[in-house]
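**Student:** Below are the chains, spelled out letter by letter.
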Amino acid sequence: MKHPYLPITDENRKEMLEFIGVDSIDAFFADIPQSLRFKGNLNLPEGMSQLELTRHMTEISSKNATTSDFIYFLGAGTYDHYIPATVDHVISRSELYTAYTPYQAEMSQGVLQSIYEYQSLICDLTGMEVSNASLYDGATAVPEAAIMACRSTRKGKVLISGGVHPEYIETLNTYAPGQDIEVITIPLKDGVTDLERLASEVDDDTAAVFVQSPNFFGLVEDMNSVGDMLGDKKTLFVAVVDPISLGVLKAPGEYNADVAIGEGQALGNPMYFGGPHLGFFATKEKYQRQIAGRVAGATVDGQGNRGFVLTLQTREQHIRRERATSNICSNEALNALAAATYLSTMGKEGIQEVAELNLRKAHYAQKAITRLDGFDAAFSGPFFKEFVVKTKLAPSEINKALLEHRIIGGLDLGRFYPEMQNHMLFCVTEKRTKQDIDYLAGRLEGLV
Amino acid sequence: MMRSEPIIYELSAPGRRGYSLPKCDVPEQDVKDLLPEAMLRERAPALPEVSEVDVVRHFTRLSQLNHGVDIDFYPLGSCTMKYNPKINEEVVRLPGLANIHPYQPEELSQGALQMMYELDQYLCEIGGVDKVSLQPAAGAHGELTGLYVIKAYHEDKGEGHRKMVIIPDSAHGTNPASAIMAGYKTVEVKSNEAGDVDIEALKAVLEKYDGEIAALMLTNPSTLGLFEQGIEEVASLVHKAGGLLYYDGANANAIMGISRPGDMGFDVVHFNLHKTFATPHGGGGPGSGPVGVKERLAPFLPVPVVEGKDGRFYLDYDRPKSVGRMKGYYGNFGVAVKAYAYIRTMGPDGLRQVSEDAVLNANYLMYRLKDHFERPYDRFCKHEFVLSGNIQKREADVRTLDIAKRLIDYGVHPPTVYFPLIVDECLMIEPTETEGKESIDNFAEAMLKIADEVKRDPEKLTSAPHTTVVGRLDETRAARQPDLRWTPAAGAEGE
Numbered sequence: 001m002k003h004p005y006l007p008i009t010d011e012n013r014k015e016m017l018e019f020i021g022v023d024s025i026d027a028f029f030a031d032i033p034q035s036l037r038f039k040g041n042l043n044l045p046e047g048m049s050q051l052e053l054t055r056h057m058t059e060i061s062s063k064n065a066t067t068s069d070f071i072y073f074l075g076a077g078t079y080d081h082y083i084p085a086t087v088d089h090v091i092s093r094s095e096l097y098t099a100y101t102p103y104q105a106e107m108s109q110g111v112l113q114s115i116y117e118y119q120s121l122i123c124d125l126t127g128m129e130v131s132n133a134s135l136y137d138g139a140t141a142v143p144e145a146a147i148m149a150c151r152s153t154r155k156g157k158v159l160i161s162g163g164v165h166p167e168y169i170e171t172l173n174t175y176a177p178g179q180d181i182e183v184i185t186i187p188l189k190d191g192v193t194d195l196e197r198l199a200s201e202v203d204d205d206t207a208a209v210f211v212q213s214p215n216f217f218g219l220v221e222d223m224n225s226v227g228d229m230l231g232d233k234k235t236l237f238v239a240v241v242d243p244i245s246l247g248v249l250k251a252p253g254e255y256n257a258d259v260a261i262g263e264g265q266a267l268g269n270p271m272y273f274g275g276p277h278l279g280f281f282a283t284k285e286k287y288q289r290q291i292a293g294r295v296a297g298a299t300v301d302g303q304g305n306r307g308f309v310l311t312l313q314t315r316e317q318h319i320r321r322e323r324a325t326s327n328i329c330s331n332e333a334l335n336a337l338a339a340a341t342y343l344s345t346m347g348k349e350g351i352q353e354v355a356e357l358n359l360r361k362a363h364y365a366q367k368a369i370t371r372l373d374g375f376d377a378a379f380s381g382p383f384f385k386e387f388v389v390k391t392k393l394a395p396s397e398i399n400k401a402l403l404e405h406r407i408i409g410g411l412d413l414g415r416f417y418p419e420m421q422n423h424m425l426f427c428v429t430e431k432r433t434k435q436d437i438d439y440l441a442g443r444l445e446g447l448v
Numbered sequence: 001m002m003r004s005e006p007i008i009y010e011l012s013a014p015g016r017r018g019y020s021l022p023k024c025d026v027p028e029q030d031v032k033d034l035l036p037e038a039m040l041r042e043r044a045p046a047l048p049e050v051s052e053v054d055v056v057r058h059f060t061r062l063s064q065l066n067h068g069v070d071i072d073f074y075p076l077g078s079c080t081m082k083y084n085p086k087i088n089e090e091v092v093r094l095p096g097l098a099n100i101h102p103y104q105p106e107e108l109s110q111g112a113l114q115m116m117y118e119l120d121q122y123l124c125e126i127g128g129v130d131k132v133s134l135q136p137a138a139g140a141h142g143e144l145t146g147l148y149v150i151k152a153y154h155e156d157k158g159e160g161h162r163k164m165v166i167i168p169d170s171a172h173g174t175n176p177a178s179a180i181m182a183g184y185k186t187v188e189v190k191s192n193e194a195g196d197v198d199i200e201a202l203k204a205v206l207e208k209y210d211g212e213i214a215a216l217m218l219t220n221p222s223t224l225g226l227f228e229q230g231i232e233e234v235a236s237l238v239h240k241a242g243g244l245l246y247y248d249g250a251n252a253n254a255i256m257g258i259s260r261p262g263d264m265g266f267d268v269v270h271f272n273l274h275k276t277f278a279t280p281h282g283g284g285g286p287g288s289g290p291v292g293v294k295e296r297l298a299p300f301l302p303v304p305v306v307e308g309k310d311g312r313f314y315l316d317y318d319r320p321k322s323v324g325r326m327k328g329y330y331g332n333f334g335v336a337v338k339a340y341a342y343i344r345t346m347g348p349d350g351l352r353q354v355s356e357d358a359v360l361n362a363n364y365l366m367y368r369l370k371d372h373f374e375r376p377y378d379r380f381c382k383h384e385f386v387l388s389g390n391i392q393k394r395e396a397d398v399r400t401l402d403i404a405k406r407l408i409d410y411g412v413h414p415p416t417v418y419f420p421l422i423v424d425e426c427l428m429i430e431p432t433e434t435e436g437k438e439s440i441d442n443f444a445e446a447m448l449k450i451a452d453e454v455k456r457d458p459e460k461l462t463s464a465p466h467t468t469v470v471g472r473l474d475e476t477r478a479a480r481q482p483d484l485r486w487t488p489a490a491g492a493e494g495e
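Protein chains in written order, with the working numbering: chain P, 1 to 448; chain S, 1 to 495.
Do not take every clue at face value.
As the list claims (entries may be wrong) - Listed below are the simulated SDA-like cross-link pairs for lysine to any residue, each with C-alpha atoms no more than 25 Å apart in a straight line:
no., chain 1, residue 1, chain 2, residue 2
1, P, K431, S, K190
2, P, K367, P, D438
3, P, K2, S, E125
4, S, K86, P, E52
5, S, K455, S, T476
6, P, K367, S, K86
7, S, K157, P, E170
8, P, K434, S, V31
9, P, K284, S, E475
10, P, K234, P, I184
11, P, K400, S, D316
12, P, K284, P, G231
13, S, K23, P, A368
14, S, K437, P, S94
15, P, K284, S, E10
16, P, K63, S, E106
17, P, K63, S, P304
18, P, K14, S, E10
19, P, K367, S, V26
20, S, K203, P, K434
21, P, K431, S, S20
22, S, K370, P, E18
23, S, K203, S, L421
24, P, K233, P, E129
25, P, K14, S, H372
26, S, K185, P, D438
27, S, K185, P, Q179
28, S, K23, P, D436
29, S, K32, P, E52
30, S, K32, P, G381
31, S, K190, P, N173
32, S, K190, S, D210
33, S, K86, P, D88
34, P, K284, S, P482
35, P, K431, S, P27
36, S, K321, P, T185
37, P, K155, S, E106
Quick caveat, the hints were computed from the structure, so don't treat them as lab data.
Chain P on its own, in the form it takes in the complex (with noise of 0.2 Å):
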């Protein structure tokens, strides 16, 4: 058959069989016992062309809501945030995305350098000391991090913050038995992590503290104290963090984690229904032969020249097999060179600047909702770019609602929490305009 992919030609096919000495292809799958070889044609729809798929997809497509056509106030761990124009030209260079894992160093200093820089980037943004070249999402990170903890302190306990995100949770506890880790979730207080009941659950065998901050409900946790709580304890501190906030709150390396790892969507990258995004992880050196994936390092060649190479590359699956630190092989490159490209091109300033819009729209937001009728702010503590309200309504009726006005509403908690039905949670990112907030807040009190 003739394909616009397919290159070889019936005569190539002729000139190439005739070189190897066989009549037909069948040759090469006569060691395919009979009783295994497909009979038939595969029950898959007839090939299309390029025009007709790209009816087909459009069409399929245009049965999603999207942000072109609706106002979003969904958030919840995958965020509308702006993505510079400079991000898809970068990673749309095919040199960079079709290429692989870079295995041959000289001919791939492209993506190890931006693997260097990613890393780099990650680090000033973290205020950790090493970064590794991505995880699969924020919710890999977790499980990732707690085996790190547990191998690297020889403990079998991890304690989770009821306030990271429930998918996040619900990932660990799939990854935990296989390890032997024990996962204890610490309750919430007031929509924060209950600190009291978190020291006293901090014994000799705990390997880690996981605490995220926004945590699942916006709200901004006292992560001092618990790097001070945990202070000279061998128990490590994961911090699970929102890269945008970290313009303005304070970073994991300013209040002693030992490990910051988070969802790096929100840096660059669009939404996807959920993927691909990325997980960073960030740490302390000391852990650097400890970390899960791929690293890239600098060095030189003989004649001095800078470059850069995978490295410490004993810890990984290809080389150390059954002792490697983790299984993970190709993670997100791509999507960790969108988040560098975010990070260039928003540099310094850009990354306080939008984290601010983040937290003064969703301020005024919060404020806009909470003043009306029926929707009360479900905690008082703070916040960054997402809130809680308390609703009278079912969230279910209201989000119907919201549609009619091409909203799409807060995330319904119940969803998640079968305690706290009538409790939406809204997200403000830059993208929202004053407009927008108050047409939702206009929307929202015809309902009462």
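Given the structure of chain P, go ahead and fit chain S onto it with the hints provided.
**Tutor:** Only chain S this time, still in chain P's reference frame:
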């Protein structure tokens, strides 16, 4: 001319900026009035200050220091570096696919869910399995998911004591690493002279660990590029011992429409969408590693799975026997979209042609090279094959690494080297179906020239590459004195 590029931080100048944001249109309250001072950042993040032009030139120049499939041949074995169709890059950026939130209402996500459901069905058909989860983010993540499924299945049957996973000595490193991560112990089984699993060795392992076998993980075609001729017997022996068969789909590009893992006896199958289904490798991800299973294992798949009924699609969380969640949300959707577009473009005939051409290209290339390099297995291969640099090592003390580095000077990416571990001085070569005969011939000629250079001028190889921005890099130094981030002081070093 190729020149090195400064680190982005080295381009920084105070006061430069690469972004523009709208003015704050809500009351500009002081940050300190909104957050307690103790929660505020003490020192601003030391990110670079560069203009938009600086960013674009910097990363464009970096891209010029990199090799990709779009530049030339990239025969990295077991990685299936095929061409990444451009239309797929375009359609995935449609707002209705890129700018959609995972928690937006299901009734406003029907397009996304339909696509996931249909891709699940296509992969079932290609793999000969009954239900697929798109959640795993990469091949290794698929392995881990599959092993959790296997574990849950055994536990459900009251056989949680099964702790051993059998892995052939030719397996990818991720297989044993995933097994250990899932809480299993591994036992290796040898390959025989033909490159297949040694049946007697397998029997011995099964006997030794009678009642303890949870699964056998197998790549078929193997990492040697060979079809496991005894697969039916292997499957029957493992099943008889109460174990399950896990299919590592890294090499599925050889078998589409030709033979199906499910029909071979595999119970759990993962696919690498970034290999077989033409989604770009991205410099090391994002990948996608969907896992498919036979009916009896379906209840254990991660939550949620996508279901469809009467033309409506939904996420099913009500699966009490599920292993749980493997990551956030529903998998690498953006990657799945490209794989879906690829399958819809190729159709059943196209996919079969893909595998046939991939196998033809590999055999043709193997035949062009076989008289000049040692070929450890005298059989037709599937989509890839292995050679050994033993002759060159013996004759001129030139190593496979040197051959690889010299290939760079010829403008092609070297094959996978020193893997699989069971072949000395191994070169593992996978041309894929998207290379024309001219491209394969060019590579063959480069390899033949190199074989000749080994005899005449071995120094040309041991000092290669000569055409790149840097020469061979000091990896020992990189590992012993790790320099993993830029700092103003370290930046001066090595210049």
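**Student:** If a hint holds in the structure, say so; if it doesn't, say that too.
**Tutor:** Cross-check of the supplied hints:
As the CA atoms of K431(P) and K190(S) are separated by approximately 58 Å, the hinted pair breaks the 25 Å bound. A C-alpha spacing of about 11 Å is found between K367(P) and D438(P), which places the hinted pair at or below 25 Å, so the restraint holds. At most 25 Å may separate the alpha-carbon atoms for a hinted pair to count; K2(P) and E125(S) meet this at roughly 24 Å. Between K86(S) and E52(P), the direct Cα distance comes to roughly 15 Å. Compliance with the 25 Å bound is thereby established for this hinted pair.
Of the pairs offered as hints, the one joining K455(S) and T476(S) is violated, with about 29 Å between alpha carbons and a cut-off of 25 Å exceeded. Distance restraint check for K367(P) and K86(S): the Cα-Cα separation of roughly 47 Å exceeds the 25 Å cut-off, and the hinted pair is therefore not satisfied. Taking the CA atoms of K157(S) and E170(P), the gap is near 24 Å; set against the 25 Å cutoff, the hint holds. Using a Cα cut-off of 25 Å, the hinted pair K434(P) and V31(S) holds, with the two alpha carbons roughly 18 Å apart.
Restraint check for K284(P) and E475(S): the C-alpha separation of about 22 Å stays at or below 25 Å, so the hint holds. For the hint pairing K234(P) with I184(P), the CA-to-CA distance comes to about 18 Å; that is within 25 Å, so the pair holds. A hinted pair counts as satisfied when its Cα atoms are at most 25 Å apart, and K400(P) with D316(S) qualifies at roughly 21 Å. Restraint check for K284(P) and G231(P): the C-alpha separation of about 15 Å stays at or below 25 Å, so the hint holds.
For the hint linking K23(S) to A368(P), the alpha-carbon distance of about 20 Å falls within 25 Å, and the restraint holds. As the CA atoms of K437(S) and S94(P) are separated by approximately 23 Å, the hinted pair is consistent with the 25 Å bound. Between K284(P) and E10(S) the alpha-carbon distance is near 24 Å, which keeps this suggested pair within the 25 Å criterion. Taking the CA atoms of K63(P) and E106(S), the gap is near 10 Å; set against the 25 Å cutoff, the hint holds.
In summary, the hint linking K63(P) to P304(S) is supported, as the alpha carbons are separated by about 21 Å, within the 25 Å threshold. Note on K14(P) and E10(S): the hinted pairing is violated, with a Cα-Cα distance of about 56 Å set against a maximum of 25 Å. For the hint linking K367(P) to V26(S), the alpha-carbon distance of about 12 Å falls within 25 Å, and the restraint holds. The suggested pairing of K203(S) with K434(P) is violated, with an alpha-carbon distance near 71 Å, which exceeds 25 Å.
Our distance criterion of 25 Å between C-alpha atoms is met by K431(P) and S20(S), whose separation comes to about 13 Å. For the proposed pair K370(S) and E18(P), the alpha carbon gap of about 16 Å is at most 25 Å, so the pair holds. In summary, the hint linking K203(S) to L421(S) is supported, as the alpha carbons are separated by about 23 Å, within the 25 Å threshold. Simply put, K233(P) and E129(P) have alpha-carbon atoms about 20 Å apart, close enough for the 25 Å limit, and the pair holds.
Of the supplied pair hints, the one linking K14(P) and H372(S) holds, its CA atoms being roughly 24 Å apart against a limit of 25 Å. Restraint check: the Cα-Cα separation between K185(S) and D438(P) comes to about 59 Å, which exceeds 25 Å; the hinted pair is violated. Of the pairs offered as hints, the one joining K185(S) and Q179(P) holds, with about 12 Å between alpha carbons and a cut-off of 25 Å not exceeded. Of the pairs offered as hints, the one joining K23(S) and D436(P) holds, with about 15 Å between alpha carbons and a cut-off of 25 Å not exceeded.
The suggested pairing of K32(S) with E52(P) is violated, with an alpha-carbon distance near 56 Å, which exceeds 25 Å. Restraint check: the Cα-Cα separation between K32(S) and G381(P) comes to about 14 Å, which is no more than 25 Å; the hinted pair holds. At most 25 Å may separate the alpha-carbon atoms for a hinted pair to count; K190(S) and N173(P) exceed this at roughly 35 Å. Restraint check: the Cα-Cα separation between K190(S) and D210(S) comes to about 18 Å, which is no more than 25 Å; the hinted pair holds.
Restraint check for K86(S) and D88(P): satisfied, since their Cα atoms lie roughly 14 Å apart, inside the 25 Å limit. Between K284(P) and P482(S) the CA atoms are separated by roughly 13 Å; this keeps the pair inside 25 Å, and the hint holds. The straight-line distance between the Cα atoms of K431(P) and P27(S) is roughly 16 Å, inside the 25 Å bound, and the hint therefore holds. Of the supplied pair hints, the one linking K321(S) and T185(P) holds, its CA atoms being roughly 22 Å apart against a limit of 25 Å.
For the proposed pair K155(P) and E106(S), the alpha carbon gap of about 42 Å is over 25 Å, so the pair is violated.
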